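Asker: This is what each chain is made of:
There are 2 protein chains.
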Amino acid sequence: MFFEGSEKKVELITEPTLGSLRSLGRPFWTDIVALAKAEIISVISNEQCDAYLLSESSLFVWDKRLVIITCGLSTLVDSLIAVMDHIGIVNVAFVSYQRKNEYLAHLQASTFTDDISLLRQQIPGNACRIGHLDSHHHFIFTSAKVAQLAATDTTSELLMYHISGQLAQYLISDNQSEEKICQLLQLDTLFVGFDYDCHLFSPLGFSVNGIKGDRYFTIHITPQEQSSYVSVETNVDVNSAVNPIAAQLLALLKPISWDAIGFNTPIIASAKPKNICLAHCAYPIEQDYQVHFGHFQQLGSEVLSPEFM
Amino acid sequence: MFFEGSEKKVELITEPTLGSLRSLGRPFWTDIVALAKAEIISVISNEQCDAYLLSESSLFVWDKRLVIITCGLSTLVDSLIAVMDHIGIVNVAFVSYQRKNEYLAHLQASTFTDDISLLRQQIPGNACRIGHLDSHHHFIFTSAKVAQLAATDTTSELLMYHISGQLAQYLISDNQSEEKICQLLQLDTLFVGFDYDCHLFSPLGFSVNGIKGDRYFTIHITPQEQSSYVSVETNVDVNSAVNPIAAQLLALLKPISWDAIGFNTPIIASAKPKNICLAHCAYPIEQDYQVHFGHFQQLGSEVLSPEFM
Numbered sequence: 001m002f003f004e005g006s007e008k009k010v011e012l013i014t015e016p017t018l019g020s021l022r023s024l025g026r027p028f029w030t031d032i033v034a035l036a037k038a039e040i041i042s043v044i045s046n047e048q049c050d051a052y053l054l055s056e057s058s059l060f061v062w063d064k065r066l067v068i069i070t071c072g073l074s075t076l077v078d079s080l081i082a083v084m085d086h087i088g089i090v091n092v093a094f095v096s097y098q099r100k101n102e103y104l105a106h107l108q109a110s111t112f113t114d115d116i117s118l119l120r121q122q123i124p125g126n127a128c129r130i131g132h133l134d135s136h137h138h139f140i141f142t143s144a145k146v147a148q149l150a151a152t153d154t155t156s157e158l159l160m161y162h163i164s165g166q167l168a169q170y171l172i173s174d175n176q177s178e179e180k181i182c183q184l185l186q187l188d189t190l191f192v193g194f195d196y197d198c199h200l201f202s203p204l205g206f207s208v209n210g211i212k213g214d215r216y217f218t219i220h221i222t223p224q225e226q227s228s229y230v231s232v233e234t235n236v237d238v239n240s241a242v243n244p245i246a247a248q249l250l251a252l253l254k255p256i257s258w259d260a261i262g263f264n265t266p267i268i269a270s271a272k273p274k275n276i277c278l279a280h281c282a283y284p285i286e287q288d289y290q291v292h293f294g295h296f297q298q299l300g301s302e303v304l305s306p307e308f309m
Numbered sequence: 001m002f003f004e005g006s007e008k009k010v011e012l013i014t015e016p017t018l019g020s021l022r023s024l025g026r027p028f029w030t031d032i033v034a035l036a037k038a039e040i041i042s043v044i045s046n047e048q049c050d051a052y053l054l055s056e057s058s059l060f061v062w063d064k065r066l067v068i069i070t071c072g073l074s075t076l077v078d079s080l081i082a083v084m085d086h087i088g089i090v091n092v093a094f095v096s097y098q099r100k101n102e103y104l105a106h107l108q109a110s111t112f113t114d115d116i117s118l119l120r121q122q123i124p125g126n127a128c129r130i131g132h133l134d135s136h137h138h139f140i141f142t143s144a145k146v147a148q149l150a151a152t153d154t155t156s157e158l159l160m161y162h163i164s165g166q167l168a169q170y171l172i173s174d175n176q177s178e179e180k181i182c183q184l185l186q187l188d189t190l191f192v193g194f195d196y197d198c199h200l201f202s203p204l205g206f207s208v209n210g211i212k213g214d215r216y217f218t219i220h221i222t223p224q225e226q227s228s229y230v231s232v233e234t235n236v237d238v239n240s241a242v243n244p245i246a247a248q249l250l251a252l253l254k255p256i257s258w259d260a261i262g263f264n265t266p267i268i269a270s271a272k273p274k275n276i277c278l279a280h281c282a283y284p285i286e287q288d289y290q291v292h293f294g295h296f297q298q299l300g301s302e303v304l305s306p307e308f309m
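Protein chains in written order, with our numbering: chain G, 1 to 309; chain L, 1 to 309.
With the rest of the complex left out, here is chain G:
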């Protein structure tokens, strides 16, 4: 009953002179995600964005920007290289490629080191690891070329491990429904006015994409006991005093530990569950591009149970 929830992520911004990425159409993106061993399950669109729900997470396509997130044993670097081949490196204004350390790294088709040696054959860039090898850590590659970003161009990632409580119990119960999960996640109040598209996987797992204008969010839940994982990614402000999305989700999902990553946005500590920040850092990729990372853990000593094998 193990599923590798930990994700790989690509973000790519094109040069203004290139035509729209959206006009490449669904057959093109079907082929691209197939290279990562993923399939398109469904799509929702608005005037600015196409949001594809994948068998392994999500793909968002704007005219000039692309975000792909894939989990499991996906080979996302292959998708990225195919996109860059297609549009031409000269039309890439910025690209980043991220990997979270996996629960079972030895099952992956490649390491991050392998991936960046492929990428660097295409495009120069910088890469680093944040966090110790024996703890939660993230790898990130960013192209040497960095697009000028608006001040509102921020991304937040909230990655939660070992969820607990009523919602966590529901997510491993029989007879779940998409509607009930959306209701328990309070999506309507957290992401007001968003269109969304969700999918309940068999035997377990839940994904939802939401869009509103150029804003997006995506939540992926791997609820399996012993390796549960929930990721939330959005360009909406998750730290707003009026609508503290990150704090609300933490209070709902009650993870034992979590990572918070902010691109050009700081990380605000949450009050519930009571926690400590075990490690953190903030560092600039380029002059105006700041990465913030924090790893948090619930206070109190967790009583472990042996997992028999």
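Hints should not be assumed to be uniformly reliable.
[As the list claims (entries may be wrong)] Subject to a maximum C-alpha distance of 25 Å in a straight line, what follows is the list of computed SDA-like cross-link-like pairs (lysine to any residue):
id : chain 1 : residue 1 : chain 2 : residue 2
1  : G       : Lys272    : L       : Leu299
2  : G       : Lys145    : G       : Leu118
3  : G       : Lys272    : L       : Asp237
4  : G       : Lys145    : G       : Tyr283
[Unchecked claim] Which stretches of chain L does chain G cover? Using the computed rule of at least three CB atoms under 8 Å from a CB of chain G, they are:
id : segment
5  : 68 to 81
6  : 166 to 172
7  : 183 to 195
These are computed hints drawn from the structure, not numbers from a lab. Here the structure is a predicted model, which means the values were calculated and not measured. Even for Gly, the Cβ is constructed at its ideal location relative to N, Cα and C.
Given the coordinates of chain G, assemble chain L onto it according to the supplied hints.
Answerer: Chain L alone, transformed into the frame defined by chain G:
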């Protein structure tokens, strides 16, 4: 500058009717450790024990007991199977096989799951994982057959990650000496009256074995920055009020985090560095055989530095 310090460990007790394991002699043990991709560097002996210092950790041989600890990319399960083949399964009174999760698991020749499927072809046993996959965790296999142990038959393991301070700095400096390291580790006061045998590895790394009667200790230091690791293993009481060995070593090596594992002995929390116990458990392998596990972390939020790749 990475070295995999995380260890695999075998402990084997023979039936009283079997002849002495020591009498098998150095050539036999040379072949056995070669199966794990290790070499004997040196040996010290007393009336009860032969303590071999290995290129990848240590081997202790008593008349009726064996402890082998190997690090790096060693394949210790192959050594264990060869020993059992040689002495005969019927002469095995008890065996345990442990693996700590590795820093870079994908480089290992096998997983713990692979290892136990080999072992179970030879001898029935129980296996479990303690600790979450995304945090420090330990795997342990124990034979279904459990020897009757004396109350004083205890083992303590103290595994320290990301050491800091004066001693940690010395261990990555030029012109180190074995004498100075032993002095900084205060071995003479921590392990009074022990004979010991140490080795300074090139470019970095330090091992020491100590014996006194049937008591032993071994310390292995992988001081490489970003992945430093120190393991201490002994059948001496490390929690004694008169000589609190574990507390002294923690105060000297100032790790960011550590695991404490006690077999038939509880784990006592230490005051320095100030810390919290993030997770713990105690569970019985058999009626009289208790495993205690605790994972501790220094209080205070560590400021991480990106590790460029």
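Asker: Below or equal to 25 Å on CA atoms is what counts here, so check Lys145(G) against Leu118(G).
Answerer: Holds: Lys145(G) and Leu118(G) sit about 17 Å apart, inside 25 Å.
Asker: Apply the coverage criterion to the segment 166 to 172 of chain L and chain G: a residue qualifies when its Cβ sits closer than 8 Å to a Cβ of the chain, and three qualifying residues are needed.
Answerer: violated (count 0)
Asker: Given the hint that Lys272(G) pairs with Asp237(L), test it: the Cα-Cα distance must not exceed 25 Å.
Answerer: The hint is violated at about 40 Å.
Asker: Confirm or reject the coverage of the segment 68 to 81 of chain L by chain G under the rule of 3 or more residues with a beta carbon closer than 8 Å to the chain's beta carbons.
Answerer: violated (count 0)
Asker: Tell me if the straight-line CA distance from Lys272(G) to Leu299(L) falls inside 25 Å.
Answerer: holds, 19 Å
Asker: Run the distance test for Lys145(G) versus Tyr283(G): straight-line Cα separation, threshold 25 Å.
Answerer: holds, 17 Å
Asker: At least three residues with a C-beta closer than 8 Å to a C-beta of chain G: is that true for the segment 183 to 195 of chain L?
Answerer: Violated: only 0 residues of the segment 183 to 195 of chain L have a Cβ under 8 Å from chain G.
Comparing the model with each numbered hint stated earlier shows that hints 3, 5, 6, 7 do not hold.
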